[in-house]
Amino acid sequence: MRTALFWIFSVMAVGSALGVVGSLRSPINSALSLVLSMLALAGLYVLLEAQFVGLIQVMVYAGAIVVLFLFVIMLLNLRGSGAGSAESRPIGKAAGAVVAVGAVLWLVRRLAASRAPWPEVDPTYGTTRAIGEALYTDYVLSVQVAGVLLLAGIIAAVVLAKKKID
Amino acid sequence: MGDVLPFHFQVVAALIFAIGALGVMLRRNMIVMFMSIELMLNAANLSLVAFSREIGNDQGQILAFIVMVVAAVEVAVGLAIIISLVRNRDTVNIEDTSQMKW
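Residue numbers (this note's numbering), protein chains in the order written: chain A, 1 to 166; chain B, 1 to 102.
Since the hints were derived computationally from the structure, they do not count as laboratory data. Please note: incorrect hints may appear among the correct ones.
Claimed, not checked - Straight-line distance between alpha carbons at most 27 angstroms, and here's what the computed BS3-like set of lysine-lysine pairs gives:
hint, chain 1, residue 1, chain 2, residue 2
1, B, Lys-101, A, Lys-93
2, B, Lys-101, A, Lys-163
3, A, Lys-162, B, Lys-101
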């Protein structure tokens with residue numbers, strides 16, 4: 001059952017990631033592929049018994065970030081722009097593909113050496129309670145810094161998007 | 001988890017990261033490039049969570065959570081920059097925005 005779910009979610013995640021990069025017609029297709037990829041990744045997180053991270057993945061990525069992307073695409077009324085002549089540069093494409101395939105093959109060879117099985121974890125592993133307790137005790141400084149960062153981000157977004165820059 | 005090993009999750013993460021990197025290198029549409037960066041961040045998150053499960057420790061999940069916060073801020077600021085660029089120059093093609101090129 002878990003093996004089948006792993007393959008379903010993995011194929012979904014990688015296939016829709018290809019859809020994000022490969023859909024030349026409209027950025028909206030890319031954004032919708034991105035939602036599918038994020039949801040598949042949330043499934044993989046749950047398979048890894050990280051329920052909290054999976055939940056946050058669905059809420060923050062599929063629910064907020066992609067909606068923000070769609071808002072901007074529709075606000076700017078973009079239709080397939082950027083897919084014109086500048087999109088076809090054979091040397092850059094070939095170099096990029098070679099580098100990416102080479103990096104993946106190298107990584108797979110390095111990782112294939114370690115075929116360790118999964119360790120046993122206690123039932124509280126990855127639950128909201130366990131992560132919340134860790135976040136508000138050992139990692140409370142990170143939470144504070146994240147809050148300041150979010151505030152700075154809000155202010156920056158409002159200032160940048162508000163008016164024309166001279 | 002049957003015959004699925006930690007290694008398999010890392011391969012999925014590597015594939016998604018490579019696709020994202022290819023997207024940044026090959027596409028010229030700023031919004032699609034930005035989505036590709038999100039793909040790479042998510043691949044890194046998957047890798048962190050899988051390693052965290054492999055060693056039976058939840059620190060990787062906390063790091064993944066912090067990465068998500070940073071990604072959310074980055075999306076808000078990045079999209080604001082794209083909006084302001086489109087308002088001023090009326091293009092999302094990265095080739096047309098070269099005033100910061102040396």
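Verification of the supplied hints:
This hinted pair checks out: Lys-101 of chain B and Lys-93 of chain A have alpha carbons roughly 21 angstroms apart, not beyond 27 angstroms. The hinted pair formed by Lys-101 of chain B and Lys-163 of chain A meets the criterion: a straight-line CA distance of about 24 angstroms does not exceed 27 angstroms. Between Lys-162 of chain A and Lys-101 of chain B the CA atoms are separated by roughly 25 angstroms; this keeps the pair inside 27 angstroms, and the hint holds.
In summary, the structure agrees with every hint in the numbered list given earlier.
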